[in-house]
Amino acid sequence: MCLGIPGQIVEITDAARMMARADVSGVKREVSLACVADGGPDALVGRWVLIHVGFAMAVIDEAEAAATLEALQHLGEAQETLAQMAEGERALS
Amino acid sequence: MRFVEEFRDPALAKALIAGIDATATAIGATKDNPVRIMEICGGHTHAIFRYGLDRLVHEGIEFIHGPGCPVCVLPMARVDEAVQIAEQPGVIFTSFGDAMRVPGTKKSLLQAKAEGADIRTVYSPLDALELARRNPEREVVFFGLGFETTTPSTALTIQQAAREGMKNFTIFCNHITVPPPIRALLDDPDMLLDGFIGPGHVSMVIGIHAYDFIARDYGKPIVVAGFEPTDLLQSVLMVLRQIEEGRAEVENQYARVVPELGNPVSLAAIADVYEERPSFAWRGLGEIDLSGLRIREKYALYDAEARFGIGYGAARAREVAEPEGTECAAVMTGKIKPTGCPMFGTQCTPETPLGALMVSSEGACAAYWQYGGRRAPEAAE
Amino acid sequence: MVLRGDRVTLAHGGGGRAMRDLIEEVFTDSFEPASMEDQARLEAAALAEPGARLAFTTDSFVVSPVEFPGGDIGSLAINGTVNDLAVGGATPLWLSAAFIIEEGTEIALLRRVVATMKAEADRAGVKIVTGDTKVVGRGAADTLFVTTSGVGVIPPGRDLAATRIAPGDVAIVNGVLGDHGACILAARGDLALTSDLQSDCAGLGHLMEAVLAAAPGAKAARDCTRGGLASALNEMAEAAGVGIEIDEAVLPLRAEVKGTCEILGLDPLYLANEGRLVVFVPEDQAEAALAAMRAVDTGAGATIIGWAIAEPAGLVTMRTLFGGTRIVDMLVGEQLPRIC
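Protein chains in written order, with UniProt numbering: chain A, 1 to 93; chain B, 1 to 381; chain C, 1 to 340.
Source of the hints: derived by calculation from the structure; they are not laboratory data. Check the hints yourself; a few may be wrong.
Stated by the list, open to error - According to the in silico footprint, chain C covers these stretches of chain B (three or more CB under 8 Å from chain C): (1) 52-64; (2) 75-87; (3) 94-100; (4) 116-123.
Computed from a predicted model, the values in this text were never measured in an experiment. Glycine residues also receive a C-beta, built at the ideal position from the N, C-alpha and C atoms.
For reference, chain A alone in the conformation it holds in the complex (with noise of 0.2 Å):
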């Protein structure tokens, strides 16, 4: 259900209207902001939303993007230590 994707604000097309141009990898299509644009729509260009059939529906948190990657990365890190530890364990006996 409900296919979702990210893509970067490049422009506002007709202010109004509320609606903007995303680019998602190189291609465009018009999108509506009026679910995300409370702030007005000019400051979301550049900004990194989720479209939903033509519709920004929610703009990206950077930062909390970024805090789960890096909860992953802990977690991969945490997870070598302890094959290490299996390893050493093996080792030892």
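Using the hints, position chains B and C against chain A.
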């Protein structure tokens, strides 16, 4: 950062799989006594199969595929009504591609198109509205489908049409909501679920507290998840950790997109345009109270049911049986796997779908077929 | 210059002077048929070599829009048939071209399409030796339909066939996948997508000659047109009774094609290509084939994407980025943009 590839990093996935492995082992999950996790959203079902995640995680994890595919749960009677509207003289009927192949009792929209109805696939309800602007002599109808993710887009489109005073644009509203069927599933005594993966994009609209009842009233963990592979794996791990620690909470793995309280503009648009129907029929689940939306009286000018006199009232009077011999309902509710249905792969295939679960790429049966589940019966022999 | 008006009318298909003027001015002046009789009369010497075989193929072309970035229906019509011959190991020689023209079509458009066909035929080294035109009423065709048939010669001793593919053989594609399909989706305009993508439409005769010279043991090739790479591989796996495994991590895809697929919920493996082929060669000739392909302009992006395996016979599987595997099935119907 593009917010896509970063979350498809095989190295991160590997660490998550190891973490899932350790936690699943710690809580005693086995192949015969698995932890059963329902991914509510069809988008998650699709991603699980596309990336082969079900075969990468510990064998004690069983994914139960939930009802979150709006096309799959659309009753045949509604498809019939869509076809009936599309065949009215002067109508341009527009739809997302997803609904085009879904069988009605007599035909699908694609078949109606072949027979001469003017039916067009669009990407956005705004494109349907644009079509209405360009064809003032025609009646443009949009097939409004989907859960809370999609509902704001049609609500905003109706508001826009009203602002412009358009007279030739209506929506055939079939929007449905996520929480009521989850409650229905949890109330089913046959249902044995240990936790949920919550729908990320629905939640960016409605927020995460819509699921509080799952944790509070039913004692089940739920983690709202994103759609990339590491999102899903991380969410499985978070569900397992809740089980391990004896917690039942609503957690948000997808905080980069899902605000705790949802999107206020979207919620306001939904509330302005739509109201709850007393009940709505779900394919495989039957009538569920307060699970569907209809267009409010003040926007009746944009309501295809009002415009054409075709609609839900008629459908309820006319119970339409599901295709004989299929186990769509049992698959839909996660009681059996698609391969447990006698029609799966024999009479029901993507070329000749009997049930909607075989039509939508998010449907559990189509996902099984497309991504290799059809080999399961061969392997079992 | 006797052709009057700027649009084709039913009179141009009526068999009289208007038809003759259209055919002579727009078509025969460019195509130089082998004879002015109702048939092409061709020297059979090329076919007379002992052991040589005649290859003969036909294909119809309908595309909307008729002109798109990177080509038009004319380039598809020439290269499509040239490629059908080339992937079978044939050297393409002669083509026929038949046109069904919708009343009202601009004559300038016809001239552009014919000019493209002439240029692509020259590039491929084939001659358009016979043809036909019909004009139909408005709505009975979508602007212009073209059918081309092609004749080529397979030299003695050359035998490319999907049935020859055996486990261990390596699969090579000649470049990025899905450009044509994604370009056409955008060019239609109804999805309101824009990008710099161009169709990959190209003739692959020279590329095939290069592959066969460098890898004489090459088993089979297919052009990845409708249904994309996935459909070509499925046909080959089924014919050969082998499995084919491809590696998601190395599939060559442009960012814009991935973007188009993400927006519309499509799978690039099923997007059409008009200048892409997949060829299976024995493992010990793979590097030579790859180098030879990369030396040709249409093979600059050549990449090894997978290999034939014994089991599961008849199925195409893909190793995903995470080391999982999934089946890559035949396309069911047409890919439709989806929201879920």
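Here is what the structure says about each hint:
1. 52-64: holds (count 4)
2. 75-87: violated (count 0)
3. 94-100: Check passed, 4 qualifying residues.
4. 116-123: holds (count 4)
Hint 2 from the earlier list is the only one contradicted by this structure; the remaining hints agree with it.
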